[in-house]
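Chain order of the listed sequences is A and B. As numbered in the numbering used here, residues 1 to 334 make up the first sequence, in order. As numbered in the numbering used here, residues 1 to 334 make up the second sequence, in order.
For the record, the hints were derived by calculation from the structure and aren't laboratory data. Idealized CB from N, CA, C, for every residue including glycine. Any given hint might turn out to be false.
To list a few chain B residues with every Cβ distance to chain A over 12 Å, as calculated [what the hints assert, rightly or not]:
# : residue
1 : 48
2 : 130
3 : 214
4 : 228
Distance condition first, Cα-Cα at most 27 Å in a straight line; then the derived DSS-like pairs of lysine-lysine [what the hints assert, rightly or not]:
#  : chain 1 : residue 1 : chain 2 : residue 2
5  : B       : 130       : B       : 202
6  : A       : 319       : B       : 319
7  : A       : 189       : A       : 202
8  : B       : 251       : B       : 241
9  : A       : 280       : B       : 130
10 : B       : 319       : B       : 244
11 : A       : 321       : B       : 319
12 : B       : 140       : A       : 280
13 : A       : 140       : B       : 296
A short, non-exhaustive set of chain B residues, derived as facing chain A with CB atoms under 10 Å [to be verified]:
#  : residue
14 : 29
15 : 80
16 : 268
There are 2 protein chains.
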Amino acid sequence: MFKIRLLVTALTLAGSISVASAWETLPTEAPAPADNATTAAKVELGQMLYHDPRLSSTGTVSCASCHNTMLGGEDNRPNSMGVNGQTGGRSAPTVWNSAFNTVQFWDGRAASLEAQAAGPVTNPIEMGMKSWDDVVSRLKSIEGYHAPFEQAFGKDAISKDNATKAIAAYERTLITPNSPYDRYVSGDKSALSAQQVRGMEKVAELGCTHCHSGPAFNGPGMFQKFPVIPDGYWEAQHHFKKDKGLAEVSKNPADEHLWKVPTLRNIALTAPYFHNGSVKTLDQAVTLMAKLQLGKNLSKDEVADIVAFLNGLTGEFPKQKIPVLPGTPGSSLN
Amino acid sequence: MFKIRLLVTALTLAGSISVASAWETLPTEAPAPADNATTAAKVELGQMLYHDPRLSSTGTVSCASCHNTMLGGEDNRPNSMGVNGQTGGRSAPTVWNSAFNTVQFWDGRAASLEAQAAGPVTNPIEMGMKSWDDVVSRLKSIEGYHAPFEQAFGKDAISKDNATKAIAAYERTLITPNSPYDRYVSGDKSALSAQQVRGMEKVAELGCTHCHSGPAFNGPGMFQKFPVIPDGYWEAQHHFKKDKGLAEVSKNPADEHLWKVPTLRNIALTAPYFHNGSVKTLDQAVTLMAKLQLGKNLSKDEVADIVAFLNGLTGEFPKQKIPVLPGTPGSSLN
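Sequences and hints are given; from them, build the entire structure.
What follows is the structure, given as C-alpha cells:
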C-alpha cells in the first residue's frame with residue numbers, strides 16, 4: 001500500500017508553512033448528486049446526446065466536437081470553433097475527469113456538470129440553438145430518442161432537465177485512471193522515471209500543489225487569481241488580463257482574474273494552455289506558471305523535469321462503443 | 001434458401017422488356033483492390049484517421065464530421081459544413097456501403113475509395129489542408145501515429161498513399177446487412193409488412209430498379225442522367241440543373257447532368273435528398289424521381305407504399321469502438 005506522504009508547501013499566500021497536499025490516486029468512480037444517481041440507462045443516453053450534432057443549430061457541432069472523447073477531451077485549439085465557424089475567447093477545458101471539478105467552466109459559473117451541460121447548447125457562438133424548447137422539440141421529433149429517455153427517466157421524459165442529467169451522468173464515467181503517476185503512488189516505483197520523480201518533487205517544493213492539489217490536481221479551493229504577479233512583458237505577449245474571469249459573470253471587481261483551478265490530469269494532451277489558449281507548449285506553460293504565480297525563474301532542467309512529471313499524469317482512456325444515434329427518418333435537419 | 005426472383009422491368013430506355021434485376025441481399029464483405037488487401041491493422045489505422053479532425057486545417061473537421069458513422073453515414077444537411085463554416089453545393093453521400101459503389105463522389109470522378117479519400121482533405125471548403133505534404137508532416141509530428149502506420153504498412157510508412165489506403169480499408173468494413181428487406185429476401189416473409197411488399201413490387205413495376213439495381217440498389221451502370229424529363233416548375237423549385245454533374249469535371253457537354261446512381265440502402269436516414277440536398281423528405285424524393293425520371297405521377301398511396309419499402313432498407317450498423325486517437329503531446333495544433 002501507498003504510504004501517504006504529506007507535503008510541506010514551500011510557498012503559501014500567507015508565507016507560513018502549512019500542510020497542503022498528499023499524493024493521491026484518481027478515484028475510479030465519481031460521486032453523483034442526490035437527484036441524479038448514475039445509472040447505465042442514463043449513461044447510455046448521455047453518451048448519445050453528448051455525441052449528437054443535432055443538438056446544434058447547424059447539425060454540425062456536438063459536445064464532443066470541442067470536448068473530443070477520442071483525444072484529450074478537448075480540441076487542441078486556442079479557442080474552439082462553434083456553429084458557422086465562429087470562435088470565442090476561451091480554450092475548451094478537458095471533459096476527462098471533469099466530474100472531479102468542484103465548479104465548471106473556466107470562470108466556474110456552473111456549480112455542477114448538469115448546469116454546465118445546459119450552457120453551450122444555446123450559446124450563439126457555440127452550438128447556437130435558439131432555446132432549450134427548440135432542443136426539446138427536435139429531440140422529440142427523433143422517434144428513436146423516445147425509448148432511451150423512457151428507459152432512463154420514465155414516460156414522457158424528454159426535457160432540458162433530463163437531457164442535461166443524462167449528459168452529466170455520462171461525463172461522470174469519463175475518468176482516466178492508472179496513469180504512470182497513479183501506479184507510482186500505488187507502489188510501483190518503476191512507473192515513473194528518475195527525471196519524473198525529480199519533477200514531482202519540484203512541483204511540491206515550488207508550491208504548485210498548493211493550488212493544484214488532490215487526486216485531480218485541481219485544488220481544494222474553487223478559484224485562484226491568475227496572474228498573481230504583474231508582468232508587463234508577458235501580458236503584452238499573451239493578454240492574460242483582457243478576460244476578467246469570474247468578474248465577467250459576477251460583475252464584482254473583487255472577482256477580477258479569478259479562475260477555476262484546472263486539473264493537471266492529461267495536461268500533456270491538452271495544448272494550447274491557459275484560459276485563452278495563448279501558450280502553445282507545456283514547457284512554456286510551466287515556465288510562465290512559475291514566473292507569474294510563484295515569482296520563480298525556473299532553469300531549463302527544472303522545466304524539463306516538471307514537464308516529464310506532467311507527462312506521467314496521462315491516464316488510461318476507457319474503451320467505449322461508438323454510439324449509434326437514432327436517425328431523423330425521412331426528413332432534413334434544416 | 002431464397003429463390004431468386006427475376007424482375008421484368010416495366011420500363012427501359014429502349015421501351016422493350018428486359019431482365020434488369022434480381023432481389024439480392026447485401027454482401028457482408030466488400031471486395032478490396034489487389035494493391036490494398038483489407039487487414040485488421042489497416043482498418044484500425046483507417047478508423048483513427050477517418051475520425052481525426054487534425055486532418056483538417058482548423059482541427060475541427062474529420063471525415064466523420066460530414067460522413068457520420070454514428071448516424072446514416074452523412075450529416076442530414078443539404079450541404080455539408082467544412083472548415084470555418086464554409087458550405088459547398090452538394091449533399092454528402094453516405095459512407096455506409098460506399099464500398100459497393102463502382103465510382104465515388106456524386107459526379108463519380110473518383111474510381112476508388114482510395115482516390116476519394118484523398119479529395120476532401122485538401123479541398124479548401126471541406127477540410128482545407130494546403131497540401132498532402134502538410135497532412136503527412138502533421139501525421140509524422142504525432143508520435144502515436146508512427147506505430148499504427150508501421151503495423152499496417154511497414155517502416156517509415158506515413159504517406160498520402162498509405163493514409164488513403166487505410167481510410168479506404170476501414171470504409172470497406174462499413175456495411176449494414178440484415179435490413180428487413182434482406183431478411184425478407186432471405187426467406188423471412190414476416191420481415192416486411194404487406195405495405196412494404198406492395199412498395200417493393202411497385203418499385204420494380206415502375207422501373208426504379210432499372211437504375212437502382214443490385215444488392216446496394218446503386219446500379220450496374222455507373223452514371224445516369226438526372227433529370228431525364230424537363231420540368232420547368234420543379235426546376236424553378238430545386239435548381240437541379242444548375243450543377244452539371246460529371247460535365248463539371250470532364251468539360252464534355254455529353255456528360256451534362258450525368259450522376260452516379262446513389263445507393264438506396266439506409267435512404268430513410270439520409271435526408272435531405274438529391275445531389276444538391278434540396279428535397280427535404282423521402283415522400284417528395286420518391287414523387288419527384290417518378291415524375292422526372294419515369295414520367296409517372298404517383299398517387300399518395302403509391303408514394304406511401306414505396307417509402308414504407310425504402311424504410312425496410314435500413315440495415316444493422318456494426319458495433320464499433322470509439323478510437324483513441326494519439327495525442328499531440330505538449331504542443332498546440334495552431
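Results of checking the hints against the structure:
no.	hint	in the structure
1	48	violated, 8 Å
2	130	holds, 18 Å
3	214	holds, 23 Å
4	228	holds, 24 Å
5	130(B) to 202(B)	violated, 49 Å
6	319(A) to 319(B)	holds, 13 Å
7	189(A) to 202(A)	holds, 17 Å
8	251(B) to 241(B)	holds, 15 Å
9	280(A) to 130(B)	holds, 22 Å
10	319(B) to 244(B)	violated, 38 Å
11	321(A) to 319(B)	holds, 7 Å
12	140(B) to 280(A)	holds, 19 Å
13	140(A) to 296(B)	violated, 35 Å
14	29	violated, 20 Å
15	80	holds, 8 Å
16	268	holds, 5 Å
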